[in-house]
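Student: Going down the list, the sequences are from chains A and B. Quick note: the first sequence, position 262, residue 709 per my numbering, numbers continuous. Quick note: the second sequence, position 55, residue 75 per my numbering, numbers continuous.
Hints are not guaranteed to be accurate.
[What the hints assert, rightly or not] Heads up, simulated SDA-like pairs for lysine to any residue below, C-alpha to C-alpha not over 20 Å straight-line:
hint: 1; chain 1: A; residue 1: LYS630; chain 2: B; residue 2: LYS58
hint: 2; chain 1: A; residue 1: LYS630; chain 2: B; residue 2: LYS44
hint: 3; chain 1: B; residue 1: LYS58; chain 2: B; residue 2: HIS79
hint: 4; chain 1: A; residue 1: LYS509; chain 2: B; residue 2: LEU65
hint: 5; chain 1: A; residue 1: LYS702; chain 2: B; residue 2: LEU74
hint: 6; chain 1: A; residue 1: LYS509; chain 2: B; residue 2: ALA102
hint: 7; chain 1: A; residue 1: LYS630; chain 2: B; residue 2: ALA102
FYI, nobody ran anything at the bench for these hints, they're computed from the structure. Predicted model only: the values in this text are computed from it and were never measured.
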Amino acid sequence: MNEFKGQTLSWQVVNGAIELALHRDPCNEIGSLTLEELERFSAALPILANEAYALIVHSTQKAGFSAGADLRELFQRGQEMEKLEALRGVRQFLERIHAVMNALDTTPLTTIAAVHGVTFGGGFELALVCDIIIADRMARFCFPELRLGLIPGFGGIPRLKRDLGNAVVRDLLLTGRSFNVMKAQQIGLVSQIAAEGEALRLARATASQVGKFDRRTAAAAKEFVKPIPYDELKREIDIFCDLYARPAVEEGLRKFVQNDAVQPYLP
Amino acid sequence: MPTSGSAPEHTLDEILNLAALHFKVPREKLTPDDDFFKTLGIDSLQALDLLTRLEHHFHIELPDYELQGVSDFRTLANRIQARL
């Protein structure tokens, strides 16, 4: 229970901190297998929390923290099913990943995302559930979903609105542009910037500091300052599903999946 | 003086030096009109890495949509110059 090695992620408890490592090739795309293993982690979390005071989420993949949802799988599933069945599948996937994200968001542990490289879409959303984001100097953040005719679906918009000013949220969402750690720190998203390759070490040092304080007090403080926007999260799923049902999204996904251009990550 | 919209030589030089150093390509092999995807042998993810390094180096923010269709150092330098 306090140690797990899966196909897409692993966890272990090290010096009072749970370290959840993402390790799916090429860049931790989040599909059904990752979701299953995240659900497994989420189920284990209340027990793990008894022997830890912090959770660190990080990636062992060179390319980055996570490139977000597995769009190839999303496209493939859509091709294999009737439209209504595919839509039901998408809603079910979103409800399941929201349950995981909410569990991470509300755990009484202090949670730290140690990110580097590509932190896009669903990967960005996973970082956003954490209490503290520590970013490698080369990290890059982006919500590229509008390029596909979608909005972020893993809770990104309500959580971004919770943390940042609405004008910044509109810029990031409506332009779909990526931005670096300096910008991320300037807008209040990233609290610490690490030298290249040092984010996990800084996260461990931060976890160690967090461990000095009474856990009940820390949990009460967290609950006080970090409300969960449940209504907006539910609404996000509805909007995503409405948009997903349009033919333009299938075309957008097809273009992305079949794109062999040298610049697919550039908007 | 450079004409309006074109980057001065030292901006181009700094870009070429940084690209050569980071992607371990001999500096003398890089010229302003090279297609940097081909010359450096990089994909779009590595191009984002280059963009991040350039943003840090020049202390600017360069939205990646400004790089759409840009593949040569000279145009890249012009886009950077417009933000300096």
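Student: Does each hint fit the structure? Answer for all of them.
Tutor: Structure-based check of each hint:
The hinted pair formed by LYS630 of chain A and LYS58 of chain B fails the criterion: a straight-line CA distance of about 29 Å is larger than 20 Å. Of the supplied pair hints, the one linking LYS630 of chain A and LYS44 of chain B is violated, its CA atoms being roughly 28 Å apart against a limit of 20 Å. Of the pairs offered as hints, the one joining LYS58 of chain B and HIS79 of chain B is violated, with about 26 Å between alpha carbons and a cut-off of 20 Å exceeded. Restraint check: the Cα-Cα separation between LYS509 of chain A and LEU65 of chain B comes to about 11 Å, which is no more than 20 Å; the hinted pair holds.
With a C-alpha separation of about 29 Å, the suggested pair LYS702 of chain A and LEU74 of chain B falls outside the 20 Å cut-off, and the hint is violated. The suggested pairing of LYS509 of chain A with ALA102 of chain B is violated, with an alpha-carbon distance near 32 Å, which exceeds 20 Å. Among the hinted pairs, LYS630 of chain A with ALA102 of chain B is consistent with the structure: their alpha-carbon atoms are about 18 Å apart, no more than 20 Å.
Violated hints for the displayed structure, listed by number in ascending order: 1, 2, 3, 5, 6.
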